[in-house]
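Chemist: Sequences listed follow chains A and B, in order.
Each residue of the first sequence is one higher than the last, beginning at 1 in the numbering used here.
Each residue of the second sequence is one higher than the last, beginning at 275 in the numbering used here.
I should point out that these hints are in silico values taken from the structure, not numbers from a laboratory.
Each hint should be verified, as a subset may be incorrect.
To be verified - Example chain B residues on the side facing chain A (calculated, C-beta under 8 Å, incomplete):
1) H758
2) L1146
3) F1153
4) Q1158
5) P1163
6) S1165
7) S1175
8) N1179
9) D1180
10) W1189
11) L1197
12) W1199
13) Y1296
14) S1299
Beta carbons are placed, not taken as given, at the ideal position from N, Cα and C, and that holds for glycine.
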Amino acid sequence: RESFQPEPGEWKRFIYNPTSGEFLGRTAKSWGLILLFYLVFYGFLAALFTFTMWVMLQTLNDEVPKYRDQIPSPGLMVFPKPLSALEYTFSASDPSSYRGYIEDLRKFLKPYTLEEQKNLTVCPDGILSEQKGPVYVACQFPIFLLQACSGMSDPDFGYSQGSPCVLVKMNRIIGLKPEGTPRIECIPKDENVASISTYPNNGIIDLKYFPYYGKKLHVGYLQPLVAAQVIFSANSTKKEVTVECKIDGSPNLKNQDDRDKFLGRVAFKIIARA
Amino acid sequence: MRQRKLEIYSVEHHAATDIKKKEGRDGKKDNDLELKRNQQKEELKKELDLDDHKLSNKELETKYGTDIIRGLSSTRAAELLAQNGPNALTPPKQTPEIIKFLKQMVGGFSILLWVGAVLCWIAFGIQYVSNPSASLDSVYLGTVLAVVVILTGIFAYYQEAKSTNIMASFCKMIPQQAVVIRDSEKKVIPAEQLVVGDIVEIKGGDQIPADIRLLSAQGCKVDNSSLTGESEPQSRSSEFTHENPLETKNITFYSTTCLEGTATGMVINTGDRTIIGRIASLASGVGNEKTPIAIEIEHFVHIVAGVAVSVGILFFIIAVCMKYHVLDAIIFLIAIIVANVPEGLLATVTVALSLTAKRMAKKNCLVKNLEAVETLGSTSIICSDKTGTLTQNRMTVAHLWFDNQIFVADTSEDNLNQGFDQSSGTWTSLSKIIALCNRAEFKPGEESVPIMKRVVVGDASETALLKFSEVILGDVMEIRKRNHKVVEIPFNSTNKFQLSIHQTEDPNDKRFLLVMKGAPERILEKCSTIMINGKEQPLDKSMAQAFHTAYMELGGLGERVLGFCHFYLPADEFPETYSFDSESMNFPTSNLCFVGLLSMIDPPRSTVPDAVTKCRSAGIKVIMVTGDHPITAKAIAKSVGIISANSETVEDIAKRCNIAVEQVNKRDAKAAVVTGMELKDMSPEQLDELLANYPEIVFARTSPQQKLIIVEGCQRQDAVVAVTGDGVNDSPALKKADIGGAMGITGSDAAKNAADMILLDDNFSSIVTGVEEGRLIFDNLKKTIAYTLTKNIAELCPFLIYIILGLPLPIGTITLLFIDLGTDIIPSIALAYEKAESDIMNRKPRHKKKDRLVNQQLAVYSYLHIGLMQALGAFLVYFTVYAQQGFRPTSLFHLRIAWDSDHLNDLEDNYGQEWTSYQRQYLEWTGYTAFFVGIMVQQIADLIIRKTRKNSIFKQGLFRNKVIWVGIASQIIVALLLSYGLGSITALNFTMLKAQYWFVAVPHAILIWVYDEMRKLFIRLYPGSWWDKNMYY
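With the sequences and hints as input, model every part of the structure.
Modeler: This is how it looks when you write it as structure tokens:
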């Protein structure tokens, strides 16, 4: 078989050829020229790319993204966020097993304390608080609405009693105006194992928190929360339940999408060990 | 005689050594095979020891169990047919279809993609074991890769099969028929059904249907040129004349032709057991070299696969070092390989080649092997036959000498314009002799056919004379009828003349006219007077001298000269009732009146001189290899330009300077005429020197076997050699040549089998058009490959950036395949339709080892210049989509882990909005679509700039190649379909892209065009400069 592979000696000569002074097939001058060329050429390309990116950024608006068509309907998410999947494992008798959750919740609820909210507006219930600007006010979300899960009466958010609280929140979407009376409904998969209490009552999400005007304009905005407390039945030996929460009562908030398992709904699992 | 015999055996010798050489090179000693070959060789020898020619008819009858009068019985024939198989040559062993198919499945990049697919499945397997709900993405990808390989494999297989089929249909000509006596009846059966012992009848014009021992013959002549290379017709009879079966008169061989006469004979060998069958099967053992384009494509595949694998492995290591999961790193590796491999390219190349093959076939150049299309383009030496290829393959009257003057006759193909002076009385007499002293006749029923195309029964010279006089005098048959022939003596080699006596058409003239033609010196001997201006004059010394000068001059032109004379028999001695007798010759054959000379030649085809000039300007050396006489060969070579007008051979110089040949400085001679005898005594080194030193070479009186030696000599000069041939004995040379061209009309099946292409019209100029097409396709393949390679960078960068900078993935692996196998396919084929930029026949043939299809400049310019610009343009579209949806470019960096996390369903963008995992996924697909569209738009610019490598696009004409625009339209339509038509099929990862995003990359596309125009401008302005050297591919 014939092959055009160079001989080993040729390789050596290719790396450095003493007769012509060529290094890797080029002389020093040729290397210099080629490097200079690429320096200039790539410099030009970099400048050009930067310029076009700058032009593109000029088309953007600082306050509102140009398009919001990819998120027409909000997702639901829970808090605290477990490490893997949406599974909360804890043991009421072992505080270290739930310390992480409690700390997360505390941190998350910090902006919701009364002191933090004192500059916010008290808005009328049940109607959208549409604003024209230029200053946008945020509505108060008093933490006591979360009742047993507010952390005010029970600093352990029910974990020490074996009835843990999980916060359910709706993703922020700029300009979203829910219709009807949106509420979060949480149901356990097995009614015999546990029951769910939602706060505010009925898991109502008040319309006054909508629409959202964006991070930059809507300073201090607090998104409405719903707390779900899982109360295991006393007569059940099994302390493991899957809870499904979804938005209900609003025709324009979707909660049934085949592909997006978090669009207007969320499912999580609570495992309470002895 | 002896010598010819040696040559016959040498066929076998060459073929056998070639086989050995090949096996040695392969390094594999297949003992069984060699044993078989040896057996075959032995068998051949045995076959040549055939003794049927020595046997009497009786002995033959017993040997073959037949009856000379009644023939075989049908039942016996059927038995023999079943036993020995049909009387046909077994076509050369074909690779089994399944092997061909599997080869396509693993050739080129397929192995790389198979590895990718298997890695995908393995990755999924591992994922599945640890987590049964793992996503099926890698299974999809693996399956898609496998499907891609299988589909491209099927496509390549189909293409190959199609071109083989063209060939097959060509070879299946009208089945040959044979007249056979069976069951005491004459029957016409297909020649394939002949069996040993059959009694067959043959007549002039037939192809001999098998090896036949003649039992009786009347004036039978055969053309053995395809077997022995002798172009002279050989007479055949039933007598045993020679020990050697190839020399004896009573055997005719399969596939030779019977020129005239009739014969009856017994079939002694059929099919592969015939002499021709033996030679053909041995010739097929000569190794086929890899075609130049196959080497180029292999080279290219190595480069691309090397880049793909090394970049892939480099980033695999980087990914592992960056603490990526090994499985993810494997997926990256696959993605990088997929991005780097131009999946559609090999199919495109096949299509481009077959388009060219089709175009060539239209121009009478049928290429059997697709890859040979390009080989023709890189040809640097053409070894051409003379007869039929360079010449018209028919004798034609070229010159006349009468009234002490030479006249030139028209020898062009239609030959109707005989403009020489016909007013002289001598011409009237000469034309009468030409018309009357001629036994050739037109085949009846062809009166409407142009004279030159009519079929004539008779030998070549007589045919030429008949047609010549028919053109000038009109209906020759009618003239002959008016001048009734009373007696004739046909030409024979002892007399060297032909004579006939006619009554004249003038009713008042009761004299008989004796007309005679023959070898000029013999005719002159018989004459005492000569006709000048219609008057008889005594033939004096000065007239005889003039005759000799003319004779030498015409002979020196390589023409066959005939002399003509006549004599009016005195009416008193030869009254009307006189009974002439051809045996006793009771009439005068001396003291005749000499009328004139006429010379004939097989004239060059009118298109050949142009074609030879074209070859010369294209840097292709044309070597004539012929069995003809050196003088004729040289004359033809001069008239077609193979030896140019002002070049001289050593002999010419010697003659001009009046010195001995040995004294001439060999460097002064540009041309050389070498005979087979001289060639025989040359060492390979001497031959090399001859081939290297003389630009114009003619080999004369060579045997077909010497062609092989010449071809090998040329190949030692690193030349790409094209060879033309028609005989069976040419097949080893045809095989050995880089590209063998068999004659479509006169070529034997064995030659056609061995050849890579077939010249349908047997015309040399068809090769030259082929060369032009071959060169064009090489240029255009360069463009196609450059076009295809460019986007690889734009496809590769997303993965590198994804791994290193953690951006959300800009484009998916499956999406890439839609570029490679979707939008880019038709445009890259369209480049095959591009016209040449400049006169490609004005440059030297490409150097096999230096001028590569894919060179460094092409790779660098495609990858690092245009490719990079494309990548930037595509990233611009990608960033635009994300930014306008809420993710500004800066926030995207190192976002990958959060972005790809399925559990994170409230990822915040720059505006405080929160995205679920699926919403991000959908945005990512929009990003894929955007990136895809970005590449597509810039590939349109890339396609336009690739139309030329040096000239401005505006000079080439933006709209001249309409197929380019079909390609552009296809790109846009496919992209629109994918985005809007299939946007909802999530498996394909396409979404409906907003209309304005289609235009984001347009400025970059324009920039690509402007930049390339600049590159071409500087190349044109500063040829040979640093820029030219680094930027011209």
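Chemist: Hint by hint, say whether it matches the structure.
Modeler: Verification of the hints:
1. Against a cut-off of 8 Å between C-beta atoms, the interface hint on H758 (chain B) is violated, since the closest Cβ of chain A lies about 72 Å away.
2. Interface hint status for L1146 (chain B): upheld, as the beta-carbon distance to the closest one in chain A is roughly 5 Å, under 8 Å.
3. With its C-beta approaching chain A no nearer than about 6 Å, F1153 (chain B) sits inside the 8 Å limit, and its interface hint holds.
4. Hint on Q1158 (chain B) holds. Least Cβ distance to chain A is approximately 4 Å, under the 8 Å limit.
5. Satisfaction of the interface hint for P1163 (chain B) is found here, the shortest Cβ-Cβ separation to chain A being roughly 7 Å, below the 8 Å cut-off.
6. The beta carbon of S1165 (chain B) is not positioned within 8 Å of any beta carbon in chain A (closest approach about 12 Å), and the interface hint is therefore violated.
7. Here the hint on S1175 (chain B) is broken, as its CB sits about 10 Å from the closest CB of chain A, past 8 Å.
8. Checking N1179 (chain B) against chain A by beta carbon gives a least distance of about 4 Å; that is within 8 Å, so the hint holds.
9. Proximity of D1180 (chain B) to chain A holds as hinted, the smallest CB-CB distance being about 4 Å (cut-off 8 Å).
10. For W1189 (chain B), the shortest C-beta to C-beta distance to chain A is roughly 6 Å, which falls under 8 Å, so the interface hint holds.
11. Against a cut-off of 8 Å between C-beta atoms, the interface hint on L1197 (chain B) holds, since the closest Cβ of chain A lies about 5 Å away.
12. The restraint placing W1199 (chain B) at the interface with chain A is violated, with a minimum CB-CB distance near 10 Å, outside the 8 Å limit.
13. Hint status for Y1296 (chain B): violated, given a least beta-carbon distance of 14 Å to chain A, over 8 Å.
14. Checking S1299 (chain B) against chain A by beta carbon gives a least distance of about 11 Å; that is not within 8 Å, so the hint is violated.
Taken one by one, the earlier hints fail for this structure at numbers 1, 6, 7, 12, 13, 14, listed in ascending order.
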